[in-house]
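**Q** Position chain R relative to chain B; hints supplied.
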Amino acid sequence: MSEPAWSGAFAPSQLETVDALPLPLPPREWALGSATGRGVKVAVIDSGIDGDHPRVNGVAGSVALEADPDSPTGHRVVEGSHEDFVGHGTACAGIIRMLAPEAEIYSVRVLGRNLKGKGALFFAGIRWALDAGMQVVNMSLSSSSDQWFGPLHEIVDEAYFRSTMLVCAVNNVPGPTYPSQYSSVLSVAARQSDDPFALAYNPRPPVEFGASGIDVDVAWTQGKSITATGNSFATPHVAGIVTLLLSKHPGLTPFQVKAVLQAISDNAR
Amino acid sequence: MADLLGDDHTERMTTPSPEVVHLMRRLGDALGQATRPTSLSAELTRAVAAVRSLFSAAACSCALVDPDGETLRFVAADGAGAQAIVGVTLPVSRGIAGWAVMSGQSLVVADVREDPRWARDIGEATEYVPETILATPLLDETGEVVGVVEVLDPQRRGEHSGFDLDVLGVVAAQLATLVRLCSVYDGLGSSLVSALARSEDPQQFTQALDELSRPDETDASLSSLANTFHQLAQTGPEGARLAARVLEEVAAYTTARR
Numbered sequence: 001m002s003e004p005a006w007s008g009a010f011a012p013s014q015l016e017t018v019d020a021l022p023l024p025l026p027p028r029e030w031a032l033g034s035a036t037g038r039g040v041k042v043a044v045i046d047s048g049i050d051g052d053h054p055r056v057n058g059v060a061g062s063v064a065l066e067a068d069p070d071s072p073t074g075h076r077v078v079e080g081s082h083e084d085f086v087g088h089g090t091a092c093a094g095i096i097r098m099l100a101p102e103a104e105i106y107s108v109r110v111l112g113r114n115l116k117g118k119g120a121l122f123f124a125g126i127r128w129a130l131d132a133g134m135q136v137v138n139m140s141l142s143s144s145s146d147q148w149f150g151p152l153h154e155i156v157d158e159a160y161f162r163s164t165m166l167v168c169a170v171n172n173v174p175g176p177t178y179p180s181q182y183s184s185v186l187s188v189a190a191r192q193s194d195d196p197f198a199l200a201y202n203p204r205p206p207v208e209f210g211a212s213g214i215d216v217d218v219a220w221t222q223g224k225s226i227t228a229t230g231n232s233f234a235t236p237h238v239a240g241i242v243t244l245l246l247s248k249h250p251g252l253t254p255f256q257v258k259a260v261l262q263a264i265s266d267n268a269r
Numbered sequence: 001m002a003d004l005l006g007d008d009h010t011e012r013m014t015t016p017s018p019e020v021v022h023l024m025r026r027l028g029d030a031l032g033q034a035t036r037p038t039s040l041s042a043e044l045t046r047a048v049a050a051v052r053s054l055f056s057a058a059a060c061s062c063a064l065v066d067p068d069g070e071t072l073r074f075v076a077a078d079g080a081g082a083q084a085i086v087g088v089t090l091p092v093s094r095g096i097a098g099w100a101v102m103s104g105q106s107l108v109v110a111d112v113r114e115d116p117r118w119a120r121d122i123g124e125a126t127e128y129v130p131e132t133i134l135a136t137p138l139l140d141e142t143g144e145v146v147g148v149v150e151v152l153d154p155q156r157r158g159e160h161s162g163f164d165l166d167v168l169g170v171v172a173a174q175l176a177t178l179v180r181l182c183s184v185y186d187g188l189g190s191s192l193v194s195a196l197a198r199s200e201d202p203q204q205f206t207q208a209l210d211e212l213s214r215p216d217e218t219d220a221s222l223s224s225l226a227n228t229f230h231q232l233a234q235t236g237p238e239g240a241r242l243a244a245r246v247l248e249e250v251a252a253y254t255t256a257r258r
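In order, the protein sequences belong to chains B and R. Using the working numbering, read the first sequence as starting at 1 and increasing by one per residue. Using the working numbering, read the second sequence as starting at 1 and increasing by one per residue.
Treat the hints loosely; a few may be bogus.
What the simulated footprint calls covered on chain B by chain R, stretch by stretch (three residues with Cβ under 8 Å from a Cβ of chain R suffice, anywhere in the stretch; the number is not a length) [said to hold, decoys possible]:
(1) 110-119
(2) 162-176
(3) 216-229
Because the hints were derived from the structure by calculation, they are not lab data. Positions of the beta carbon are idealized from the N, C-alpha and C atoms, including for glycine.
Next comes chain B alone, as it looks inside the complex (with noise of 0.2 Å):
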């Protein structure tokens, strides 16, 4: 199987057509139209950021978060510029800069050299991003772990009510992961698309949107660029997007901006 799991719901051949709300039209640019994402703090939670990487063109600010076992709550928090340990983080920030060019993207790694990372260390990461007052939240990344099923569930509730948008990746492999199917996140799989501002709606989740994803062209370390496929590179394709609309409408809800992000999709009516 050659594309990500979960962006078959996305072929062509599968989408059906939505119903959405109406908007101004035409609704993509009502929703988007001459936006920066000036004044929109962005979290990409990941293996770091390089932001010397000239698609990256700087951070606003950089948090590791590493295990620490003499600390009472298991983990430090390192602020400060770091390194990316393995490019994935870079891409992600190079897409969300590309499409949102005034946001301000803050690098929280929670992932080490394997792309793997522990569960706590990511909790941690969620809740420095809801702490540090972020409006939107990049997660190329989700646990499996049904230990941490519980403990995300409230995290992602808390940040819901506060209205920070978590955008989350569904894993690239089959089976459930969390937080990207909890209802109160927006769910990405990839999808082909040349169009970076595209989205499609599933209307039969828990993967709700799809975007640009398969062969994509991404930052990645070294100043370097590559080719590469998954539901980690459609996520800050939203992740943008989602920073364009606050940026250009403040103050909007996940659910509306759940429900702008339907009506600008391509299968929307």
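**A** Showing chain R alone in chain B's frame:
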């Protein structure tokens, strides 16, 4: 509300001692290794040769994730650089193969030298540096990545890379099944005891499971013995009879010396 089984049932239950549990595990593992239907490395080597031929590729290889989850080990290869790559280990954080494992995602890299994910040192050490790599992860039944299959410089391609990766994905699914099958046979005793532990009160088996997870030199020698007999058995009925005869003689001699 009635507990129809009641105390009567409980009294009839026998909790095996840790020694018995440990012995069950060792015997089960040895039995599995001695009777499993094939040799994993031989089967994987045949498979990568077939895949290489299918794509008219310069080479094809297969690497498996070590139990620690941190290391990739190349266990089979065919074609250019095959001898150099088999046995090589690298962290799952490195290389095109590592990326397929980390992401759980198939990929095509059209210009390997320009891709920052490529492990230059490993690639150059095999004395064959490809231009193009196809890589597909091997997923077990739970979606966990257990390995990766790579095709180097395929000459016979489909209309688009998605077709090539779909074909490789079908092969990868078969290889993953093979890996799982061998893993079940190799750990038959462990699987048996683990299944028992899950089906009963966990308290009853805590001690046994502690024993199960403890490294034991005897396990290694027993495993080695089982593999030897497996090889002998594969030579045919005469080999199997000879193996049984040798085992009986050694057992009789050892018992007499006690």
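**Q** I'd like to know which numbered hints this structure contradicts. Please list them from smallest to largest.
**A** Going through the list in order, the structure violates no hint and respects every one.
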